Amino acid sequence: MFVDTADGILGTNMYAYCHNDPVNSCDTGGYYKYDIHFGKHDKDYDVYYGTYYWAGEYFESVFGDTGAGKKKAWDYAETFAKANANVDTGATDPIANWTDRAAQSWHFNIYFFAKAGSDKDSRTIHYEESMTAAFGYLFMAGITTGSTRDSYINSALKAAGRGLHAKQDMIVHKGLGDFNVGFTNFQFPWGVDEVTYKVVDGVIIGGKKFNAAKDATDSVLRLFIGMGRGFNLW
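The sequence shown lines up with residues 1 to 234 when you count with our numbering.
Keep in mind that the hints were calculated from the coordinates and are not lab data. Fair warning: there could be bad hints in the mix.
Claimed, not checked - DSSO-like, lysine-lysine: derived pairs with alpha carbons at most 30 Å apart:
| hint | residue 1 | residue 2 |
| --- | --- | --- |
| 1 | K198 | K120 |
| 2 | K120 | K208 |
| 3 | K40 | K71 |
| 4 | K72 | K82 |
| 5 | K158 | K40 |
| 6 | K158 | K120 |
| 7 | K208 | K82 |
| 8 | K198 | K43 |
| 9 | K43 | K82 |
| 10 | K82 | K40 |
| 11 | K208 | K198 |
| 12 | K40 | K72 |
| 13 | K43 | K158 |
| 14 | K158 | K208 |
| 15 | K43 | K208 |
| 16 | K71 | K82 |
Every value quoted in this text rests on a predicted model; they were computed, and no experiment measured them.
Please put together the full structure from these sequences, using the hints given.
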C-alpha cells in the first residue's frame, strides 16, 4: 500500500491513509482521499461529488431531469462510474497485482510498456483503446434495436468508464517518480498534491487536482455523448 504522509514515503503517520478515514473513503493506491472514481455523499456538508454524481448531472442535461429521462441518466451514470471504480479491483488491482506490469499500467506510467516502440504514457494507451472500444459498441448500437441495442450501449458505458479511470489516474499520480524495480514499478510519492476540496455556503470549491479530475470526467462524457449522437442514439 502506498501512503502519502506530510513527510513523504518515509513519514511516520501510520494513520495517513485517506486522512484517517478508511471506512468512508478508499483508494487502493493511497493517493485519493476522496472517492473520485465512483463518488460519495459528504454527509458532513451534505454535498455530492465524484464520477457517479458528475455523470448523472451531465446525462440529465442530455436526457432530462424528470421521469424516464432522469432514470436513464442515473442508470447510465451508475454503469459508467462502477466500471471506473472496478479498475481498482480484480486483475487490474494495483496492490493485489503489484508485480504485474500490465495491471500497474492502468494506474502508473509504466516504462517499456508492452506496446513496442510506443513513447506514450501507458495510461494514455488504455484511455485511447477504451474509447475506441466504446466507439465500436456505440456503432453497433446504432445499427441494432431493442435489448441488443441497450446491451451495446451498456458495454460502451463500461468501456468509457474504464478509460476515464486511466485518465483520472494521470492527474492524481502526476509528479510521482517512476523507478523500475524488477518486474514492477516502484512509486515514490514525493510532493504529491492531493485531490482536495472545501465547502463554502454549500458549494464545493475544488483544489487543482479535484477540478482537473472533474474536467477529465466532463471531457470523456462529452466525447461519449457526441459519438452516440453521431449514430443517432439520442
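Status of the hints after comparison with the structure:
1. Note on K198 and K120: the hinted pairing is violated, with a Cα-Cα distance of about 34 Å set against a maximum of 30 Å.
2. The hinted pair formed by K120 and K208 meets the criterion: a straight-line CA distance of about 24 Å does not exceed 30 Å.
3. At most 30 Å may separate the alpha-carbon atoms for a hinted pair to count; K40 and K71 meet this at roughly 19 Å.
4. A hinted pair counts as satisfied when its Cα atoms are at most 30 Å apart, and K72 with K82 qualifies at roughly 15 Å.
5. Using a Cα cut-off of 30 Å, the hinted pair K158 and K40 holds, with the two alpha carbons roughly 19 Å apart.
6. For a cut-off of 30 Å, the pair hint linking K158 to K120 stands: about 23 Å separates their Cα positions.
7. Of the supplied pair hints, the one linking K208 and K82 holds, its CA atoms being roughly 24 Å apart against a limit of 30 Å.
8. Note on K198 and K43: the hinted pairing holds, with a Cα-Cα distance of about 13 Å set against a maximum of 30 Å.
9. Of the pairs offered as hints, the one joining K43 and K82 holds, with about 21 Å between alpha carbons and a cut-off of 30 Å not exceeded.
10. The hinted pair formed by K82 and K40 meets the criterion: a straight-line CA distance of about 12 Å does not exceed 30 Å.
11. Among the hinted pairs, K208 with K198 is consistent with the structure: their alpha-carbon atoms are about 12 Å apart, no more than 30 Å.
12. Taken as a hint, the K40 and K72 pair is honoured in the structure, with Cα atoms around 20 Å apart against an allowance of 30 Å.
13. A C-alpha spacing of about 28 Å is found between K43 and K158, which places the hinted pair at or below 30 Å, so the restraint holds.
14. Distance hint between K158 and K208 is fulfilled; the C-alpha atoms sit about 27 Å from each other, no more than 30 Å.
15. For the hint pairing K43 with K208, the CA-to-CA distance comes to about 23 Å; that is within 30 Å, so the pair holds.
16. Between K71 and K82 the CA atoms are separated by roughly 16 Å; this keeps the pair inside 30 Å, and the hint holds.
Comparing the model with each numbered hint stated earlier shows that hint 1 is the single one that does not hold.
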